[in-house]
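Q: One letter stands for each residue in the lines below.
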Amino acid sequence: DAGVTQSPTHLIKTRGQQVTLRCSPKSGHDTVSWYQQALGQGPQFIFQYYEEEERQRGNFPDRFSGHQYPNYSSELNVNALLLGDSALYLCASSPSGGVRQPQHFGDGTRLSIL
Amino acid sequence: AQSVTQLDSHVSVSEGTPVLLRCNYSSSYSPSLFWYVQHPNKGLQLLLKYTSAATLVKGINGFEAEFKKSETSFHLTKPSAHMSDAAEYFCVVSDPSGTYKYIFGTGTRLKVLA
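These protein sequences, in sequence, are chains A and B.
When the letters of the first sequence are read in order and numbered with our numbering, they come out as residues 820 to 933.
When the letters of the second sequence are read in order and numbered with our numbering, they come out as residues 52 to 165.
Extracted from the complex, chain B is given alone in its bound form (with noise of 0.2 Å):
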């Protein structure tokens, strides 16, 4: 069975500094793995995408992620906070058997400090 688990609930960051949103998963299969952001009182929106290309993906609003199969991780990085990234972030595994449902982690919370 896929599942996902976002290592933390809240994440607090200043302005202008890294961050880090962390994600495990487990697969039977090759997985497809999304990273979304909501805002508040907003639906998802689909930050960046692996599905078994190149393990370091790029997405929107300079984000990016890398696969580590090793590691079986799909960490969510950008290198400078910006306020407007404040939200609550999802990571995401494709189910392949049958109709690719999604299956989400709890989320992750943002706070970006002034």
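Excised from the complex, chain A in its bound form (with noise of 0.2 Å):
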């Protein structure tokens, strides 16, 4: 039983570019959530999925944006991107629509700004 993938792991960018993540959940789940995680840090709430809809967003700006697939897949775009958006993007899987139910980590996406 796969866990929640995620693609691709490393991705290296500069300053005005734009970039897609990619994440599977974990089989059975319906619900994603998205994290950014800067160097030392814990990781930061951006937005979560469900039904294809997002449900609620964290203090990030628009230039952040996501989708969700049928399948239950999602993706994170992040438009003109910034130094500051340097991290550990980590995607995480519940089902259930998330309620009162652990949340299932992927390894992350490392990007790198330069």
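Quick caveat, the hints were computed from the structure, so don't treat them as lab data.
Just so you know, not all the hints are guaranteed correct.
[To be verified] Computed cross-link-like contacts, DSSO-like style, restricted to lysine-lysine with a CA-CA straight-line distance of at most 27 Å:
| id | chain 1 | residue 1 | chain 2 | residue 2 |
| --- | --- | --- | --- | --- |
| 1 | B | Lys93 | B | Lys109 |
| 2 | A | Lys845 | B | Lys119 |
| 3 | B | Lys100 | B | Lys119 |
| 4 | A | Lys832 | B | Lys93 |
| 5 | B | Lys120 | B | Lys109 |
| 6 | A | Lys845 | B | Lys100 |
| 7 | B | Lys162 | B | Lys100 |
| 8 | B | Lys162 | B | Lys93 |
| 9 | B | Lys93 | A | Lys845 |
| 10 | B | Lys119 | B | Lys109 |
| 11 | B | Lys119 | B | Lys162 |
| 12 | B | Lys120 | B | Lys100 |
Each of the two chains sits in its own frame; use the hints to bring them together as a complex.
A: If you want it as structure tokens, here you go:
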């Protein structure tokens, strides 16, 4: 049983570019959340997707957007990249709309901005 | 608003000695609390969860945590540290106001000395 898978594992971009990160949730999970983890920090909530809609957003600008597909996989898009966007981006999935269920995390995508 | 405070950014123990990682929480609701572990360049693995059942929670790899409402604490313990326990540990509270998004502490880096 595959867990949460994220691609790519590493990515290098330059300022102003755009990036798309991908996530496949654990089998049986329908809710996907995205987190940003800056170096030496705890993860920060970006947004959550359920039933192909964004349910809640954290304190991130509109440059961060996402999508969820009918098969529950998800994408995180970041436009106009800034140096401060360099971080580990974690995808987490959970079942049943996420209500009081532990989230399962992928290994993340390490994004470096030059 | 929900929040967690991890009281130690770094903890060092000798192999075979007890581990104590401290976490205090703030929540307007009956909280769901979790401990996750993150090994270098990896995602987060769930150690244990508290969701209003027994106050003493047993997790994987010999870890356990006790929920103390009067002290608003959820400290993580292990009787005997192993070298493989060296990692970053995160205390997490789940925000029940809608999506149960995770709010992370700043993390505690555990070092195990031979």
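Q: For each hint, tell me whether it holds in the structure or not.
A: Status of the hints after comparison with the structure:
1. B/Lys93 to B/Lys109: holds, 23 Å
2. A/Lys845 to B/Lys119: violated, 32 Å
3. B/Lys100 to B/Lys119: Cα-Cα ~14 Å, so holds.
4. A/Lys832 to B/Lys93: holds, 21 Å
5. B/Lys120 to B/Lys109: Holds. B/Lys120 to B/Lys109 sits at ~17 Å (cutoff 27 Å).
6. A/Lys845 to B/Lys100: holds, 19 Å
7. B/Lys162 to B/Lys100: Since the Cα atoms of B/Lys162 and B/Lys100 sit roughly 23 Å apart, the hinted pair holds (cutoff 27 Å).
8. B/Lys162 to B/Lys93: With Cα atoms ~17 Å apart, B/Lys162 and B/Lys93 stay inside 27 Å; holds.
9. B/Lys93 to A/Lys845: Roughly 16 Å between the alpha carbons, so the hint for B/Lys93 and A/Lys845 holds.
10. B/Lys119 to B/Lys109: holds, 15 Å
11. B/Lys119 to B/Lys162: holds, 26 Å
12. B/Lys120 to B/Lys100: Holds, at about 15 Å.
In this structure, only the earlier hint numbered 2 is contradicted, and the remaining ones agree with it.
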